[in-house]
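J.: Here is what each chain is made of, one letter per residue.
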Amino acid sequence: MNNVSQLLVGHPVERMEDARFLSGSGLFVDDLERDGMLHAAILRSSIAHADIVSIDTSAALRMPGVHAVITAADIGGEIPVIPLRLAPLPEFEPFRQPVIAADKVRYVGEPIAVVVADSRAIAEDALEAIDVQFEALSAVTGRGATEDALFACADDNVSLRYSAGFGDADAAFANADYVRTERFSVQRHTALPMETRGLLAEWDSSSARLIVTGATKVTFYNRRALAKMLDLGQDDIDLIEIDVGGGFGVRGEFYPEDFLIPFAARKLARPVKWIEDRREHLMAINHSRDVACELSIACRSDGTMLGLRGAVFSDMGAYIRTNGGVVPAKAAQFLPGPYRIPNVSVSVETFMTSKTPVGTYRGPGRFEANFFRERLIDMVALDLGIDVAEIRRKNLITEAELPYPIDGLVPYEGPTSYDTGNYVEVFERALLEIGWRDKCHLQGRLIDGVRHGIGLGCFVESGGAGPKENAALTLERDGSLTIAVGSSVLGQGLETVLGQIAADTLSIPFDRIRVLHGSTTLLDEGFGTYHSRAVVMGGSAVLDAAKKLREKILEQAANHLGRPNSELTIADQHVVAANGASVSLAALATEQVLSADGTFANTTRTYSYGTHAAHVTVDPRTGRVEILDYVAVEDVGRAINPAIVHGQAIGAIVQGLGGVFFDHLVYDEEAQLLNASLADYLVPTASDFPRLRAVTLELRPSLTNPLGAKGAGEGGIVAVAAATANAVAAALTPLGVEIHHLPLTPPRLWRLIKDARDRTPTAA
Amino acid sequence: MTRTVAVHLTVNGAAATISVEPRTTLTDALRNELRLTGTHLGCEHGVCGACTVIVDGAAVRSCLMLAVQAEGRDVRTVESLGDAAHLGPLQLAFRKHHALQCGFCTPGILTTAHALLSEEPDADEDRIRDVISGNLCRCTGYIPIVAAIMEARSAYLGVQAEAAQ
Ligand code: FES
Ligand code: FES
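Read top to bottom, the protein sequences are chains A and B.
No gaps in the numbering here: position 224 of the first sequence is 224 in this note's numbering, and each next residue is one more.
Add 764 to a position in the second sequence, counting from 1, and you land on the number used in this note's numbering.
Hints were generated in silico from the structure; no laboratory data involved.
Incorrect hints may have been included.
[Said to hold, decoys possible] Sample of chain A residues at the chain B side, in silico, Cβ under 10 Å: (1) 27; (2) 30; (3) 33; (4) 162; (5) 243; (6) 492; (7) 644; (8) 646; (9) 672; (10) 675; (11) 677; (12) 679; (13) 685; (14) 716.
[Said to hold, decoys possible] Partner residues aside, some chain B positions facing chain A, computed with beta carbon under 8 Å: (15) 808; (16) 855; (17) 900.
[Stated by the list, open to error] Below, a list of computed lysine to any residue pairs in the SDA-like style, where the Cα atoms sit at most 25 Å apart: (18) 860/B / 695/A; (19) 860/B / 510/A; (20) 860/B / 13/A; (21) 860/B / 514/A; (22) 860/B / 642/A; (23) 547/A / 569/A; (24) 860/B / 693/A; (25) 860/B / 698/A; (26) 860/B / 662/A; (27) 860/B / 547/A; (28) 860/B / 507/A; (29) 860/B / 569/A; (30) 860/B / 9/A; (31) 860/B / 400/A; (32) 860/B / 14/A.
Virtual Cβ for every residue (Gly too), placed ideally from N, Cα, C.
With the rest of the complex left out, here is chain B:
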């Protein structure tokens, strides 16, 4: 008999309740219980960043977090950044700069970049490189990824200015 625990959290703005085994990671809960399959697993040991989601505003490796630890938290996944017909500013910049090829690493990089630019919309190139160096991509060589994030900054600066008013 496997014991399950109910977890109440907010996912992409909507309240959700899931019932999981205590050992279930947040990635597995998002993918299997909530069918949010945009969050990917590349290593399951915290190195590649493919599983990155945003928990209470901070980029978090969901393979290293248990679902039960998300109780009461606000979780955002790549699916919250814009759907295929309405891409958000980061997504548009990625497309323009060919910042993805196979697309497997992309959700984790987008969430990492979104968390960064939401906090620091004026991050410079070095800072962006530094933060993104926690995400592995085997296709692009990273150069177009950094260029895309640099370009998307203006949209986040606007948001921050608005929020300040």
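Isolated chain A, as found in the complex:
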């Protein structure tokens, strides 16, 4: 009847959220209806860079069913700008995005007006009746100065430059036996959650309060930002999180609509719903990646790495949004990866273009950095005649060298060190899993018309950063438990994981636990879900609260049963004394409010790590790649629910493979986005990558948190481009093909093969 005696943490418990999703009774933002609800649609710029000469909304306003057309002129006063949430560098301030375009547009998709109408169809019809006159300026599509600069303060379109490092890279390069420099790039793409964004804003004029549903990720931060823009007190606003159809980093940041829709609701004193359509999603939500790197390495002739120099160039799009320069900063910081490289210097240049702004997408900067470095390592191995496994083995940081400081690679961040781990053991495990010893003779071989290649990619990955997370636990009068946590749930199964932690500590059956998350109504303060921190931070806060609540329950029961706490246990929804006397949890909770607050503060990052290995074939006649086997091995410290961790890893690998082969936001020379539909923006489908495996290890728990957990949501993606591109390159090495740029589409590979053949007509 109850299985509380068996601990849940560490087991693949079925998820508590599944039944509602499987039966169609999940509650996503577009499922909400309110009396008197109006619908919003947004007019977005159709040209990339222009001065706005005039906006005529009169025809739209005359249409039956249209309640308002809001433009910058209606906002009044200064147009609010989207704040920098992460690493708010003063250099970025001039490049922040106004919530609505007033006199200039800088990318296709920038909001110009909001129509609010009786139905979405009417609102969309009315968009077409708005007349905007533009004076076109030249579009900015790449790095460097242009005829019309995007911002008056930067005639070269550069928003930030810095360099950083440790050791003495110049000396290392001057004295090395061997040096190689290459240029790499990862294309612009985005996360593409299946649910587009959406908001429902409700203004109660009598109490002057605002409720916004559909918020997620960092609701408490976003509430502060919105309160400031609307000139309301924080307590006058509630941001409510309901079911969320995937986030992957892009959803839940503060976007223009997070101001515009609440503003419209207050102005009209009516509930206003806005649901993004897929086309606007592709031009409005944060894009990501789009990083190029010039990377140089200095080695001894035996392959010992001595120095690394990396210059990172990042196309930030038209504005710097909430994530600031996280993408290029992390691309630079993770260039050395899990290797012992004593002398490292990096530089970062962020430049502005007339494209959608860039933010974080799962594994921001890491996906790119690992691809750059691991590709270069394979080139080095080939030059020096060393096996690609051997060169990695030789240079991986050993357990004895941990903690290993990597200070100074991000100038505005404090010191940090790789914490616990056994990088070599995990690497060897990946070789074993892929069958390296038996298969490495296949490298580059042509069998039945296709060439085989096996590639490796090692990574180290940060997660679980502070500052803090809060949780509140309440024992309800029916003996069930309610958990409220500041972490956000974006479809990862966090409710289950937090429930498992509380169930074990309180010996309360899992099906008697309810998890409330994310909403600003639950707690005074919360920090949200980003940087793989939900389990590390939120889980630890729940653990803290659960321990405190357990003490309270026992204390209360001790009074009841006349026995000391030490003789009491919780079992079968009762507190039981050693002498057999018992009292039910429900009875205790009815007598007195039993609740506890928990918190967990930690500013020390924890680093997960691992190795991916891929076995591919490439058809040189078509450039088509097939993945024959793929394995990702990662040490996550501790997996609270191995099935959830495994599912995240497999899902992340497939997303990563999308980034290698498909996902690509293509712009033309006018900075028009050419593929803003799912028919044109390709992502993996069920038949693309059927053979993948993830091995999750719990070798070395993290010391930064009582659960021992490290971030587990991103390790599956960060080395995918590295391992896969190395495998493709290995397959094509006999043809003289080198891989520097993603995506690896069949036409692009075909072209590389053809060019190599044209250079050396004898290669087969």
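Once you have looked at the hints, place chain B with the ligands on chain A.
T.: Positioned in the frame of chain A, the structure of chain B with the ligands alone reads:
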């Protein structure tokens, strides 16, 4: 003045009459008129499969079908496959195999799989992959979805055997 049309159809076994504008899609009619919000919209242009429902036994993208085209038809949505307290065999297999994360794509995949297994309960892995490749999922990587559908086949084989008797 917007003109509306009355449409008579069967939804999840019950007769329904709705009054919609001619341009209303079947998805919008199901979601807004009948409040069956299990059917989701991921693209509104026929690519993602999140809106899949079963019309006269066949899986159909309800974002590409007008509500008026459903006149006289039998429409089944995810809500007909089992409620949260009584999950059907496909739903149970999905839960067991962790074949969903955010759950947004799930209703469309369940209806697609239900239509497939009702017709072809012995579909092999390749066939299942092929059919499911018309539905996008960004969370799971599809592998557990295919495993879950494979497992659910036995329940459908049973149903077909029963029907044959
Ligand atoms: S919403 Fe119908 S196929 Fe995407
Ligand atoms: S479970 Fe999230 S899109 Fe499929």
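J.: Now, for every hint given, state plainly whether the structure supports it.
T.: Structure-based check of each hint:
A least Cβ separation of about 8 Å between residue 27/A and chain B falls short of the 10 Å threshold, and the interface hint therefore holds. With a least beta-carbon distance of about 7 Å to chain B, the hint placing residue 30/A at the interface is held under the 10 Å criterion. Because the smallest distance between the Cβ of residue 33/A and any Cβ of chain B comes to about 8 Å, under 10 Å, the interface hint for this residue holds. Nearest Cβ of chain B to the Cβ of residue 162/A: about 34 Å, over the 10 Å cut. The hint is violated.
Checking residue 243/A against chain B by beta carbon gives a least distance of about 7 Å; that is within 10 Å, so the hint holds. Proximity of residue 492/A to chain B holds as hinted, the smallest CB-CB distance being about 6 Å (cut-off 10 Å). Satisfaction of the interface hint for residue 644/A is found here, the shortest Cβ-Cβ separation to chain B being roughly 7 Å, below the 10 Å cut-off. For the restraint placing residue 646/A at the interface with chain B, the shortest Cβ-Cβ distance is roughly 8 Å, inside the 10 Å limit, so the hint holds.
The closest approach between the C-beta of residue 672/A and any C-beta of chain B is roughly 19 Å, which is over the 10 Å cut-off, so the hint fails. About 12 Å separates the beta-carbon of residue 675/A from the nearest beta-carbon of chain B, more than 10 Å, and the hint is not met. At its closest, the beta carbon of residue 677/A sits 6 Å from a beta carbon of chain B; the interface hint therefore holds under the 10 Å criterion. Given the 10 Å rule on beta carbons, the hint for residue 679/A holds: about 5 Å separates it from the nearest Cβ of chain B.
Checking residue 685/A against chain B by beta carbon gives a least distance of about 4 Å; that is within 10 Å, so the hint holds. Evaluation of the residue 716/A hint against chain B yields a held restraint, the C-beta minimum of about 9 Å falling below 10 Å. Checking residue 808/B against chain A: minimum C-beta separation of about 6 Å stays under 8 Å; hint holds. Interface hint status for residue 855/B: upheld, as the beta-carbon distance to the closest one in chain A is roughly 4 Å, under 8 Å.
Using the Cβ-Cβ criterion of 8 Å, the hint placing residue 900/B at the interface with chain A is satisfied: the shortest such distance is roughly 6 Å. Restraint check: the Cα-Cα separation between residue 860/B and residue 695/A comes to about 19 Å, which is no more than 25 Å; the hinted pair holds. Restraint check for residue 860/B and residue 510/A: the C-alpha separation of about 16 Å stays at or below 25 Å, so the hint holds. At roughly 9 Å between alpha-carbon atoms, residue 860/B and residue 13/A fall within 25 Å of each other, so this suggested pair holds.
Our distance criterion of 25 Å between C-alpha atoms is met by residue 860/B and residue 514/A, whose separation comes to about 20 Å. Proximity of residue 860/B to residue 642/A is assessed by CA-CA distance (about 13 Å); at most 25 Å being required, the pair is judged to hold. Distance hint between residue 547/A and residue 569/A is fulfilled; the C-alpha atoms sit about 13 Å from each other, no more than 25 Å. For the suggested pair residue 860/B and residue 693/A, the alpha carbons sit about 18 Å apart, so the restraint of at most 25 Å is met.
Note on residue 860/B and residue 698/A: the hinted pairing holds, with a Cα-Cα distance of about 23 Å set against a maximum of 25 Å. With a C-alpha separation of about 30 Å, the suggested pair residue 860/B and residue 662/A falls outside the 25 Å cut-off, and the hint is violated. At roughly 30 Å between alpha-carbon atoms, residue 860/B and residue 547/A are farther apart than 25 Å, so this suggested pair is violated. Pair hint residue 860/B plus residue 507/A holds up; C-alpha atoms about 24 Å apart against a cutoff of 25 Å.
In summary, the hint linking residue 860/B to residue 569/A is not supported, as the alpha carbons are separated by about 32 Å, beyond the 25 Å threshold. Taking the CA atoms of residue 860/B and residue 9/A, the gap is near 17 Å; set against the 25 Å cutoff, the hint holds. Straight-line distance between C-alpha atoms of residue 860/B and residue 400/A comes to about 41 Å, which puts the hinted pair past the 25 Å bound. For the proposed pair residue 860/B and residue 14/A, the alpha carbon gap of about 7 Å is at most 25 Å, so the pair holds.
Comparing the model with each earlier hint shows violations of hints 4, 9, 10, 26, 27, 29 and 31; every other hint is respected.
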